[in-house]
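Those protein sequences? They're chains A and B, same order as listed. Quick note on the numbering used here: the first sequence kicks off at 1 and runs consecutively. Quick note on the numbering used here: the second sequence kicks off at 1001 and runs consecutively.
Think of the hints as simulated: they come from the structure by calculation, not from any bench. Since the model is a prediction, treat every value here as computed from it, not as a measurement. Cβ coordinates follow ideal geometry from the N, Cα and C atoms, glycine included. Don't take each hint at face value.
[As the list claims (entries may be wrong)] Result set (EDC-like, lysine to aspartate or glutamate): computed pairs, CA atoms no more than 20 Å apart in a straight line: (1) A:Lys49 / B:Glu1059; (2) A:Lys49 / A:Glu15; (3) B:Lys1057 / B:Glu1003; (4) A:Lys61 / B:Glu1001; (5) A:Lys61 / B:Glu1003; (6) A:Lys49 / B:Glu1044; (7) B:Lys1042 / A:Asp8; (8) B:Lys1078 / B:Glu1056; (9) A:Lys49 / B:Glu1001; (10) A:Lys68 / A:Glu15; (11) B:Lys1042 / B:Glu1018; (12) B:Lys1042 / A:Glu88; (13) A:Lys68 / A:Asp85; (14) A:Lys49 / B:Glu1018; (15) A:Lys68 / A:Asp54; (16) A:Lys49 / B:Glu1102; (17) A:Lys109 / A:Glu15; (18) B:Lys1057 / B:Glu1044; (19) B:Lys1078 / B:Glu1102; (20) B:Lys1083 / B:Glu1018.
[Said to hold, decoys possible] Where chain B lies over chain A, by a calculated footprint (3+ residues, C-beta under 8 Å): (21) 38–48; (22) 96–106.
The residues making up each chain are set out below.
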Amino acid sequence: AQSVTQPDIHITVSEGASLELRCNYSYGATPYLFWYVQSPGQGLQLLLKYFSGDTLVQGIKGFEAEFKRSQSSFNLRKPSVHWSDAAEYFCAVFTGKLIFGQGTTLQVKP
Amino acid sequence: EPEVTQTPSHQVTQMGQEVILRCVPISNHLYFYWYRQILGQKVEFLVSFYNNEISEKSEIFDDQFSVERPDGSNFTLKIRSTKLEDSAMYFCASSESAGTQETQYFGPGTRLLVL
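Whole structure, please, built from the sequences with the hints as guidance.
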């Protein structure tokens, strides 16, 4: 069955530090992968997506993600976190509909 | 930038009551979706809708749920007789097509509380 796993439920990083949020997927065919962010009281905003081609994709707000087929992973990274990045982050795979991971809550320390 | 809007932002209802959640998708989009997120759980797919009919629905989407596009702009989710376990954030989304490379754009959600 298709599924997405985000192993880290909660992560805290200091402002200015680097960030990596993990995402593993299970899907038999070529995966189409997304990262969404949800700020408090807001809807889901698309950060970036991977369909094909270059396995390193760039998104908005300085985020990037790398698709690694051999590891079934699509980890999200940012070199320097800002306080405004505090939010919940969701990884998803498209299978005709979006299947989401559990989400990772990011807290940023000053 | 066009966006998906949802009303109301919050709704409180009594168990057994009917609720209608409203969404206005992006105007040139043809595919519409409802998802829900129970507090502390993952976002789950409920239903997709195209050309005035349901394309796919999850097992959550039972006979108590229905969707409708009553006019050219609105897309609604109706829960006929709400249960306590229907308490959740409900997200509407839309996309231009249903292709794998199409992005679904989400609204801000309606938080439903069933008492």
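Okay, the hints, checked on the actual structure:
no.: 1; hint: A:Lys49 / B:Glu1059; result: 27 Å, violated
no.: 2; hint: A:Lys49 / A:Glu15; result: 25 Å, violated
no.: 3; hint: B:Lys1057 / B:Glu1003; result: 24 Å, violated
no.: 4; hint: A:Lys61 / B:Glu1001; result: 17 Å, holds
no.: 5; hint: A:Lys61 / B:Glu1003; result: 19 Å, holds
no.: 6; hint: A:Lys49 / B:Glu1044; result: 19 Å, holds
no.: 7; hint: B:Lys1042 / A:Asp8; result: 13 Å, holds
no.: 8; hint: B:Lys1078 / B:Glu1056; result: 16 Å, holds
no.: 9; hint: A:Lys49 / B:Glu1001; result: 19 Å, holds
no.: 10; hint: A:Lys68 / A:Glu15; result: 27 Å, violated
no.: 11; hint: B:Lys1042 / B:Glu1018; result: 25 Å, violated
no.: 12; hint: B:Lys1042 / A:Glu88; result: 11 Å, holds
no.: 13; hint: A:Lys68 / A:Asp85; result: 24 Å, violated
no.: 14; hint: A:Lys49 / B:Glu1018; result: 37 Å, violated
no.: 15; hint: A:Lys68 / A:Asp54; result: 11 Å, holds
no.: 16; hint: A:Lys49 / B:Glu1102; result: 10 Å, holds
no.: 17; hint: A:Lys109 / A:Glu15; result: 6 Å, holds
no.: 18; hint: B:Lys1057 / B:Glu1044; result: 11 Å, holds
no.: 19; hint: B:Lys1078 / B:Glu1102; result: 26 Å, violated
no.: 20; hint: B:Lys1083 / B:Glu1018; result: 10 Å, holds
no.: 21; hint: 38–48; result: holds (count 6)
no.: 22; hint: 96–106; result: holds (count 8)
Hints 1, 2, 3, 10, 11, 13, 14 and 19 from the list above are not met by this structure, while the remaining hints are.
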